[in-house]
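K.L.:
Keeping the supplied structure of chain A fixed, place chain B upon it in accordance with the hints.
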Amino acid sequence: MNSAPPALRPFALALGLVALVAWPSPPAGAAAPADHSPLPFPLIERFENYGQAEGMPSAKVHSVFKTSDGRLWVGTWNGLLLREADGRFRRIGPEDGLSHEMVLCLAEDPTTGDLWIGTMRGLTKYSGGRITAYTQTNSGLPNNVVYGVDVLGDTVWAATAAGTGALNLKTGAWKLYDHTNTVMHEPWCYSIKGAQHLVYIGVWGGGIIEHDPKLGSFKEYRDPDRDFHYDLVPDDGPINDITSWLSWEDGVLWQCTYFGFSRRDHRGWKTWIEGKSPLLSNFTQFVWPHRGVAWIGTDRGASVTDGNAWANYSLTDSGEGLIEVHRPNQPVERRVLATALANGFVLGIHVDDREAWFATSRGLSRGVFAADNPYQRPATVAEVR
Amino acid sequence: MCTHSFRHRKTGSLRPPLALAPMKTSLRDLRFRLLALGLGNLRDLVRRFSRAEPALALVLAFAAAHSLSAAGYGYREKPEPPANPEATLSPPAGLPPGAPPGTNAPADPYLYYANTPDEMIPFRNIEPYFRYWTTRLPFRGPGRDYPVSPGLESLKVGLLSPASYGPEGARGERTRHGVELAFEEANAARRPGELPFELVYREDSPQWGSAANIAVEFADEEVLGFLGTIDGDATHVALRATLKLEIYMINTSDPDPTLTETQIPWLTRVFPDDRQQCFRLADLVVRRHGCQRIGVFRESSRPGRVGVMHFNNYIRRLGFPPVQHLFFKPGDRDVRPQIEALKAADLDAILFYGQPEDVGRFVRQFRAAGIQAKFFGFDRLKEDSFKTHAGDAAEGTIITYFFNPQRTDPPWIEFVERFRKRWGHPPDVYAAYGYDGAQMMIQAVNHAGPNRYLIRDYLANLDTYDGVTGHMIFDGRWDNIVPISLAEFKNGAWHFQPAPPITPLEQQKLSQR
Chain A
1 MNSAPPALRP FALALGLVAL VAWPSPPAGA AAPADHSPLP FPLIERFENY
51 GQAEGMPSAK VHSVFKTSDG RLWVGTWNGL LLREADGRFR RIGPEDGLSH
101 EMVLCLAEDP TTGDLWIGTM RGLTKYSGGR ITAYTQTNSG LPNNVVYGVD
151 VLGDTVWAAT AAGTGALNLK TGAWKLYDHT NTVMHEPWCY SIKGAQHLVY
201 IGVWGGGIIE HDPKLGSFKE YRDPDRDFHY DLVPDDGPIN DITSWLSWED
251 GVLWQCTYFG FSRRDHRGWK TWIEGKSPLL SNFTQFVWPH RGVAWIGTDR
301 GASVTDGNAW ANYSLTDSGE GLIEVHRPNQ PVERRVLATA LANGFVLGIH
351 VDDREAWFAT SRGLSRGVFA ADNPYQRPAT VAEVR
Chain B
1 MCTHSFRHRK TGSLRPPLAL APMKTSLRDL RFRLLALGLG NLRDLVRRFS
51 RAEPALALVL AFAAAHSLSA AGYGYREKPE PPANPEATLS PPAGLPPGAP
101 PGTNAPADPY LYYANTPDEM IPFRNIEPYF RYWTTRLPFR GPGRDYPVSP
151 GLESLKVGLL SPASYGPEGA RGERTRHGVE LAFEEANAAR RPGELPFELV
201 YREDSPQWGS AANIAVEFAD EEVLGFLGTI DGDATHVALR ATLKLEIYMI
251 NTSDPDPTLT ETQIPWLTRV FPDDRQQCFR LADLVVRRHG CQRIGVFRES
301 SRPGRVGVMH FNNYIRRLGF PPVQHLFFKP GDRDVRPQIE ALKAADLDAI
351 LFYGQPEDVG RFVRQFRAAG IQAKFFGFDR LKEDSFKTHA GDAAEGTIIT
401 YFFNPQRTDP PWIEFVERFR KRWGHPPDVY AAYGYDGAQM MIQAVNHAGP
451 NRYLIRDYLA NLDTYDGVTG HMIFDGRWDN IVPISLAEFK NGAWHFQPAP
501 PITPLEQQKL SQR
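Here the protein sequences line up with chains A and B, keeping their order. With our numbering, letter number 54 in the first sequence gets 54, and the count goes up by one each step, no holes. With our numbering, letter number 374 in the second sequence gets 374, and the count goes up by one each step, no holes.
Honestly, the hints are just simulated from the structure, not real lab data. Watch out, some of these pointers could steer you wrong.
What the hints assert, rightly or not - List of simulated lysine to aspartate or glutamate pairs, DMTMM-like, C-alpha gap at most 25 Å:
1) Lys490/B / Glu383/B
2) Lys170/A / Glu210/A
3) Lys270/A / Glu320/A
4) Lys421/B / Asp463/B
5) Lys125/A / Glu217/B
6) Lys214/A / Glu249/A
7) Lys125/A / Asp220/B
8) Lys329/B / Glu210/A
9) Lys421/B / Glu217/B
10) Lys175/A / Glu210/A
11) Lys270/A / Asp317/A
12) Lys329/B / Asp178/A
Note that this is a predicted model, so its numbers are computed, not measured.
This is chain A alone, in the form it adopts within the complex (with noise of 0.2 Å):
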């Protein structure tokens, strides 16, 4: 092998350091021919689909959730479902002393097992088979419309149309949050998430709002352009101040709106668009975070991304199921699957290291995960953590 001359090398050795100092890497993957790296999260290979002829009382549903015990609750237009060990639904309704039929939200108390029912008329509990229901005319409920509602603790929290109730379950007194005593600019809020000591809540046109019940103090995230016209730069915040839904997820805030989708972690705002990422649409309306990874419901169908790599769920116009991966700077891996979603319109979502489920305008989905799970991998360090 020869050598370089001697005298050039000082040279060479200065220009190398320079240029690796001074010039940007590549994003991951980009002068690769080929990512062969598995994907973050699993890939679906089949809906299994439950509709009015399955059983469902209405072919719209706006909630899934399985609670820590295995069951899985489905929230329709028509009444609260249990799904029984046989596979079959069961109905709970008005006449079972639920809040009201249509039921738009769902959350479990991780010390109780007592599940919380949010309603288009009022907060129901479903504790041990008896139910009791929360009204604005008989609690300290803000409005009866109850968008979001999370277990932090001691407190229900409810996101509702005339601002946020917390209820503290040890002495059943009521606090509400509106914009008499917060930074908020009207009260209407739409979905809430318990983070460790905080609370999120999604309000529309406040965008998100950070509060420490501890501390009392109010922190608001706002999309910075302060115009709907258009997103003037990405990822400078918020995507926009209209939250339809937010969740949390090991120190990652996730955000829907109908103008995008972000994202909030230590690094700071990630935004997403329609038509410049592989967000399927820009109406967002529902995100489940899972082992570091966002399932979003749109009205176009569900994503699954780490912010990365992506895998679209979507249905063509002849409704065939349609599978979409990208990874970053690979061509996108499309495909039509055997089975699709039972609707591209998802109101809701509940993945665990099993399964994931869809809450569809046109019944309830089961997306059954290929064989090769990362979710079924070894723990990692941090899981053990």
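P.N.:
Chain B only, in chain A's frame:
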């Protein structure tokens, strides 16, 4: 990972991206380490490496070359997919064949949003990362194939009205008269065998959130659509509920410009909003009257805040931001501190926003205090309570108004006559827009049948409508953006100017949809 660049709207030239492409974590760490080392002792580092095996130099050079070749300014996060390997695949549902996946069609001029004049568009000299409302958002959910409810006995339509005892009660009553007249006429024209219309009337209460509960009641009543309301807060709350309930809403009298900016494809507004009034007023104050020192005096409320928001932006873009922006509370009697501040500002013009009786009172006080500025206001000042409270001080006040109510075209004259015959008094704009909104809903039900989704499709796809209030043009947000009129109070009466004609450019806006 930004792929964005800014395109100058005039020259079309591309500017470089604002941010560098993101870095792969491992290489970034390496670079930081090298940078720290290099800054600390670069000369020593080079000398040390140069004595080492030449292969090290080659490795470094290769790494640098790899960075150079792969970095690529402006690389795309989402690469263009290759030619469709499966040509038989249908496009995703909801997209017309051949349609691009995004809705960011760059348009010059940018037209399909609110009819905003070009010079008043924010950041108009750059191309933003993404424009919204260049097309109308479709509703992609199912429902159009739902069967008609068994046992249907009437075609129910809701009317959400402000509380009769609240500040908007009288206007709500006038709206109700217009709506009821439309349904009475429609029922009188039903042929044998056709189901009659039934109006389901609900009054809002002046409490946040009650409109959401009423929207749920409408769903329980199985209405096919509903009309309402005046109060912006209540309308917002009801609108959000309609998205979940999937019931179309026609708004006939809420001027809040943010109402339709929510991307909920279940709303049409027939009432020109405060944004339309704001850019007309901005043009009037700055351009036509040459005012440069402009003050804003408005009600301290949400309607007041969002009402003047665009006026302030527009006059700022025209080069003359407000030199004073002061508030009052509804019903305030003593505004001496504000008067002193406005007087000291030596204003050419003052824009008022508030209830007509409040503004009338202030106008009188302002003139008595010696303020000579020209007074401008919104449509509500046409109500009699303004001139009653303002007295002679109302002289010279100029307002924006939706249309000339003194016009003599047959649709308007005949409507006024029918309305007067039914209710014993002439209609105002609330009654007239209530009538037009109800007529649109009736037309949609007649056309689509008793299916909420087909009714939605009909209404959400209307580009124009001719009602008793005049010609309507609906933009990408389903807002009526027809040019509006002006009126000046002279010699004790309002004198109306015709609305500007619809220009070929505005016609082009619709053709871009």
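K.L.:
Against this structure, judge whether each hint is valid.
P.N.:
Outcome of the hint check:
1. Lys490/B / Glu383/B: Roughly 15 Å between the alpha carbons, so the hint for Lys490/B and Glu383/B holds.
2. Lys170/A / Glu210/A: Within the cut-off at roughly 24 Å; holds.
3. Lys270/A / Glu320/A: violated, 32 Å
4. Lys421/B / Asp463/B: violated, 32 Å
5. Lys125/A / Glu217/B: holds, 22 Å
6. Lys214/A / Glu249/A: Holds, because 20 Å separates the two Cα atoms, which is no more than 25 Å.
7. Lys125/A / Asp220/B: Status holds; Cα separation ~22 Å.
8. Lys329/B / Glu210/A: violated, 30 Å
9. Lys421/B / Glu217/B: Cα-Cα ~33 Å, so violated.
10. Lys175/A / Glu210/A: holds, 16 Å
11. Lys270/A / Asp317/A: Given pair Lys270/A, Asp317/A is violated - Cα atoms ~31 Å apart, limit 25 Å.
12. Lys329/B / Asp178/A: holds, 20 Å
Violated hints for the displayed structure, listed by number in ascending order: 3, 4, 8, 9, 11.
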